[in-house]
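Visitor: Chains as they are written, first to last, in numbering that gives the first Met the number 0: chain A, 0 to 543; chain B, 0 to 268.
Derived by calculation from the structure, the hints in this document are not laboratory data.
Fair warning: there could be bad hints in the mix.
[Said to hold, decoys possible] Ranges between beta-carbon positions, derived for each pair:
1) 488(A) / 24(B): 57 to 67 Å
2) 127(B) / 63(A): 32 to 42 Å
3) 262(A) / 185(B): 22 to 32 Å
4) 45(A) / 31(B): 52 to 62 Å
5) 128(B) / 45(A): 38 to 48 Å
[Unchecked claim] Quick look at which bits of chain A chain B covers, simulated, 3 or more residues with Cβ under 8 Å:
6) 8-21
7) 61-73
8) 130-138
9) 515-521
No residue lacks a Cβ here, since even glycine has one placed at the ideal position from N, Cα and C.
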Amino acid sequence: MTGAAVPDGRTVPDGRTVVRGLVALKLRLLRNGLRRSPGRTAVYVVGGVLGLVVAGFTALGMAVLNGRYAGSGDTGVVLLGVLTLGWAALPLFLFSSDESADPTRLTMLPLRPGPLLRGSLLASLIGPGPLISLVLVTGAVLSGAVGGSSAAAAVVGVPLALLCLVTLSRAVAAGNARMLSSRRGKDFAIFGGLAFALLVQAANVGSQSIFGRQHGKDIDLSPLRPIAAVLRWIPPISAADAPRTVGEGHYAFGLLQLAAAGALLVLLLRWWRGSLQELMVTADASTVEVARGVQNTGGWRFLPEGRTGAVMQRHLRYAWREPRAKAALFTSVGMTLVICVLSVVQGWSSVYLLAMTGTFLGLQMLNLFGMDGSAFWMVAATLRTPADARDELRGRAYAVLSYAVPVAVVLGLVLAAVTGDWAGLPSAVGLAVAVLGCGIALGSVFSVLAPYTMPADSNPMRNAAPGQGGLILLNQFGSMIGVAVLALPVGGYLFWALASDGPTWPLLLLGPLYGGLVATLGIRLAAARLLERIPEIMAKAIER
Amino acid sequence: MQASAPSPSEPAPSAVSIQELWKHFGSQAAVAGLSLELPAGAFIGLVGPNGAGKTTTLSMVTGLLRPDQGTVLVHGTDVWADPVTVKARIGILPEGLRMFERLSGRELLQYTGRLRGLPATEVDRRTEELLAVLDLARDADKLVADYSTGMRKKVGLAAALLHNPDVLFLDEPFEGVDPVSAQTIRGVLKRYAAAGSTVVFSSHVMELVEQLCDWVAVVNAGRVIAQGPLDSVRGGRSLHEAFLELIGVREDDGQALGWLGGGHSGSAR
């Protein structure tokens, strides 16, 4: 405490006050976030407990591996590698939802960088994420630890690794804050998210090929060895491996591993501090980013005249320009690709997987007007006749078709080439188009009858405002199941043809015909209700 | 250019002294060599059209945005030599109002006070008084996320006033605010200025500036094009007329848009 006069708020506060204030702030934000809705509290608590239980069992399992299987320490190293990647990627998804990670809200206050950094670091150690990580890091250490000297190294290694992980996440977030909050950054986050999902799938396949291949009771951990041999020298993973190294008697190497992690921590803290200071004195992304005009291309001339063409154009422009629409589209395509790649890797691929393209891209027709958000009034104000309503829905359907059909054809060619089933290709494309038609029909109907609110902030990773869970489930599952039921005639024919060696090629004609018929019916049905339900849709489309 | 402490012989010491301030975004100069002396104890209006550089200037003056060039002194202290010390002595209501949305109004003020190093009892006392005066007492326990624009501006103002700053900077404090809240804000600002503190606020509502301010600076294209006491700037006209003339706006002669209006027939189906 300084001996100065009673602070009147016009002097710079001392460091301890700031640190305590920031920690209290984090706690309060956590509590208030939960206070908003009981449902969210439940999800948070259940998620946290579940995470802890899973982490606990993982840690226990790794401790059990120790001593029983050769190379048990390698599992810990690999786990920590995954954990590190997770913490580094975390800001991509969570930045806009975690207020306490956003230093720009503190810019008005007289805070020196030192206390600000200490307070932020302490605050970021609070929460279920760091706790779960602590359990996992402990498990990783236990997987390879040997004896008392390991324990001594673990006392330093575990907290050091945890500090590194948390700091890494915060430093990445602060270092890229401007980018992540800009429109371009959100686009980037979509691809980051997709890449991350692919990586998780790859890890999944990898772990299955190790732990699924157990003959009798023996687990063969040897495939991990080459990966672990590299990873164990990379900080902060090295900090968790140091107890094993020390336990095995290599004191110098163990110390080196700890020192590497310590050096990383110092570097990360420096980077974070620099970014924090920079963030507080630079302009918001919206100011810095020089807004470019959009190019006016002539390719739109091929679109239909009138409302249908205008709607189609708008829908396609949004699919490219608006992060949320883009995220939805790329997730659909990405999910299809992930499953296709998995099927090829695991050897159960078939050209008929193409039907998924129809299902997933048909989802793009869901909640059309909820996606319009507060701009829906522009649609509503110009809908006057049933013909308008039909054109509106038809335009959106054409827009979806305009990218879904090419994607289906290209993917079909790839699948046929990989599986060698060229004979099945025509029927697979027909099936996909039929399924797509059913998706368009159901999407139109659900968009009119059960729209839901999208969150006002444009975080592409959040797909609905709180409290809409039921409606989303109804939409997504209703559409998936509905599509499956509606596509039964086509699927049934295919099943019959495949089972009894009948011709499958007629599906190339039947599929589009049937899909087109169902889609037209669906659009007619939805259009009839659209006009009368405008006020109800408006109430849902605009948040609050 | 360190200004010495104001001597009694100088009649109007500057609260804020801005010299040759520059800021580029890309190739565009948002603020282009802006210089300005703002007298202490005055109620100052910073007016200008959209994109004139008002927000950029206020951000640089308050230590929120690093200038490319130029110096800013607030009561003699160089803002960019020691931003933290200056921030301790000024209050800011920035544009956009980024606040902790998941704190209640009361909690927001309490934490602001704590982070400014005020003793807890003093924070509580000031918080309750500010909430009462700004007519927020009833909503003090609602989360800021659920506040209306007017309420957000009011709680932002309370946070800016909590430490009784020497100079208060407000960026468009009345934009999107309902008349009742605007009246409340005006009352509080007037009381604050009457006690001898300096208020600097930006606005493009001339009537408001005319009613509240005794000193005006007109900014256009990143430069000051007129400054001084209100009466000398407006020179017998309304501030609105004086402003349009200074900016150089020409009346539209109505040649374009000839098709607009008067059509009661032939609407397309």
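Visitor: It remains to establish, for every hint, whether it holds in the given structure.
Guide: Against the structure, the hints:
no.	hint	result
1	488(A) / 24(B): 57 to 67 Å	60 Å, holds
2	127(B) / 63(A): 32 to 42 Å	58 Å, violated
3	262(A) / 185(B): 22 to 32 Å	56 Å, violated
4	45(A) / 31(B): 52 to 62 Å	57 Å, holds
5	128(B) / 45(A): 38 to 48 Å	42 Å, holds
6	8-21	holds (count 11)
7	61-73	violated (count 0)
8	130-138	violated (count 0)
9	515-521	violated (count 0)
Checked against the numbered hints above, the structure breaks hints 2, 3, 7, 8, 9 and satisfies the rest.
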